[in-house]
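**Student:** First to last, the sequence lines map onto chains A and B.
For the first sequence, this note's numbering gives the first residue as 441, with consecutive numbering after it.
For the second sequence, this note's numbering gives the first residue as 337, with consecutive numbering after it.
Any given hint could be a false lead.
Stretch-level coverage of chain A by chain B, calculated; a stretch enters the list once three of its residues show a Cβ under 8 Å from a Cβ in chain B [claimed, not checked]:
no., region
1, 586-593
2, 652-659
3, 930-941
4, 1130-1137
Derived by calculation from the structure, the hints in this document are not laboratory data.
Nothing here was measured: the structure is a model prediction, and the numbers come from that model.
Cβ atoms here follow ideal geometry from the backbone N, Cα and C, with glycine treated the same way.
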Amino acid sequence: METGKRKIEDYARETEGLSMKELISLKAVEVSKGYYIEDMPLKRERPLDYEIFYAELLEIAKNARIIIRNVAGSPMLREGGECIAGIYTPEGDAAVLSIGVLLHIYSMSECIRFMVNNDYEENPGIKEGDFFFNNDPHCGGQHSQDQFILTPVFYKGRLVAWVGGMSHEMETGATGPGGYDPKATSRYYEGLLLSAMKFGTNDTMNSDYRILVEHSTRDATYWLMDAQAKMSGCIFMRNEIKRLIEKYGLEFYLEAVQEIIEDGRRAAQEKIRNRFLPGTYRARGYVEAFVPEVFPTKIMQTSLEMKVDKEGVLWMNMEGTSPETPWCGNGTEAACKGTFFCALAQCLVHDCMFNAGSYHALRFNIPKGCFYSCSLQAGTSKYIGNAGALLIGMLFEATSRMYYIGCHFDEVMASCTATCAEVFAGRWITGIPYAGILMEMICKGTGASATHDGVDVHHIYFNPEGDLTDTEINERTWAIKILGRNQRMDGGGVGKYRGGVGLDSVYFFLNNKGKAEGSFGADNYYVPATQGLMGGYPTARRIYNQTFNTNIKELFDSGKEYPTWLGIEAIEGRGPTLIEKMLEGGVKKIAIETAQPVFPIQDYDLFEHAVDGSAGFGDPLERDPQLIIKDMQKGLTSPRMASEVCGAVIEKTGPRQQDLKCNYEKTAELRRQMKEKRKKQGIPAAEYIIQQRKRILKGDLPLHCIELINSLLEFSPSWAKWYREQWGLTEDFRAIPLTTKKEIDK
Amino acid sequence: MAEIMKTELMEKHTAEEQKKLGWQEKILVHLQEHLYIVEREGKKIVKCDCGYEFGNYKTDWKFGALVYDRNPKDIYPGITGHDPDWTVYREFYCPGCGALLDVEAVPHGIPFLQYVELDLD
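For reference, chain A alone in the conformation it holds in the complex:
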């Protein structure tokens, strides 16, 4: 079709009578040419109508999310806002999305294509009033807890759209409660995985589906209530789309949706082209694979190379990423692409018309067999909490460098750590079951910027509109009582600007009938999940404490003080935690590994979870002392951190926590001395490389580091080549020798 000669009604005419398969093939041809549609007659000829239509369509998706959130039953949706709604083309491309869990723009597209590729049009058939459910990450989504439903929209017998709603659910009938078992080595531990299944007809949930969920999960209440909520949101969108078609006409509607996506592509590419210098931007990060009692923790590397070309296309290359491992943190390729979009929707195209169009500005190389492109059998239930969240943080980091070079300093945001989950199941004293994920940790801090500190206890990567659930709601949902919620002192990465801090939460169990069960799955324990930016540090380590059968009840009964946070002595490394100081008897497990298989819980067992925050930006010796004082007054920075890491001499001027001032003269002198010390202790890079090469050749590295490196050397030839070049190793170097300490010393 010649540009400029296309008419508004052409698209409707050209695609009339085509099957979904044919529509997808047609679109694939156009996308391969670098655009979604070549010409935009509607925007050109009726620009105001086009803009008004877009605003109306977007409002439909936004309102649908509000409906889903308000009709839903689970606190994760109602309080945490873990849902999203979207409107798709018949071929499955997202035209508009509400705000929410942005991971799923791609998920629902992937699911529509999955159904088409598997001939759902013939069997089980796709017709008005049908509802499809998916929580299988191989058909779209990130893990079993991501549950979305889709329904087609027909107008006078013609398929004109798909609408979908997604939510994050708390119980899926896995071998561990909450849809997650740290001991999972494959998908067969991960509960009820329904692969794009028709679960509703004539706008009604099928009874066999309801019974399946009720019989296969510990507590089906929220799954089913939220499914009804999503159906309500979808029916609302379907009716509203028909209203729009009546208002604007079918030809207008079909053309407008195509142009909205093309507009999204053009806006994304234009932004990339106009704001960023062409070049290659890189990031890397580490997560820990763990299967308690099966294999010890091992480190997994994620590599990202993001190339900006002169046309404004982003080429994403993940060569140098570790291979799939039999644990629960692998990702499917669809999940990985969803992760990319989630990050870029927040840090790159947030001010564009973001939809499937911005996705078409991306090109991918996700190596087959890496743990972001896993096999059908692989476990994925913890993907987004670990590997996915890490990748989002890395994308923030890489785009932050692009923004910095483009002098958009306020757009810089250092990486945020991955998430974690405490999952429980039990029975209330009344006998009613409960199961799910405690979302105490959902809000973390944002990463530091180049112009300001991160925001404290505020944000989670996969849902920029996430919220910390109310204490009262949590106490109503699970048989727990929350004793303390504090912004964690020294929890964010230190720097010229510090990362936002996470939450330090202490809670105990009460009103259980018999024993409950819990498990805990978090991100890194041994290595940081974040990287500081330009001299900033990563975050502190996450801390998880458990206590069983202690004297906590006696403390309550006698009105004595009880632990509500870690305590400054533990934070400054000069004493025990408050749990250790205040509680007696029983078993106290302090700062234990953050992957804990299912364990029994009874009333008065107490737990503490001090979440890490986000990474810092810039040299801490350049931190404004007034910012340090402000943090110390709020209990966010310890005196040790202020003096020993930030080199600030802060003096007390009175008895109150607020009574502080900076001695600028002494601060300047201390900082000068600290910089001199750096120059003495640092060695030239060339010398450092020689030292490291010797260690590598001798095998003088910790075993878990050797295992990581050797697995990458074997899995990725291009990474192996780069590795040898960087350390000056010969071409025949294949692996780091596994040697004993004695042999190394010799």
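Place chain B on chain A using the hints.
**Tutor:** Below, chain B without anything else, positioned relative to chain A:
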């Protein structure tokens, strides 16, 4: 030499930095905190705001820095720090002024990573 594509914002910022630092060499790009790509005698090099020169902009500036392996528990002590047997905070300092230019938090034995490789030619 080909002209570098610079936005109005970049032009304005680099002009201000040029004035502030008072260098003879033209600032082309503000690469990261403290570091600039400047043009000197027809070559593009990385230079710290203290005046220290790291060399050709295509080569990772880290090869011209001072390097120190820091124990994570120096920053976050006791239970709050990551395990020094698994990870190292590899710090890069400017040899001229001692500014901390980068911290790579990596397992032992992992090479330096060049974060940015611009295509200015």
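**Student:** Decide, hint by hint, whether the structure agrees.
**Tutor:** Hints, one by one, checked against the model:
Three residues within the 8 Å Cβ limit are the bar, and the region 586-593 of chain A against chain B gives 0, so the coverage statement is violated. Given a C-beta distance limit of less than 8 Å, the hint that chain B covers the region 652-659 of chain A is violated, as 0 residues qualify and 3 are needed. Counting residues of the region 930-941 of chain A whose beta carbon lies closer than 8 Å to any beta carbon of chain B gives 3, which meets the minimum of three for the stated coverage. Under a criterion of three residues with beta carbons nearer than 8 Å to beta carbons of chain B, the stated coverage of the region 1130-1137 of chain A is upheld, 3 such residues being counted.
Checked against the numbered hints given earlier, the structure breaks hints 1 and 2 and satisfies all the rest.
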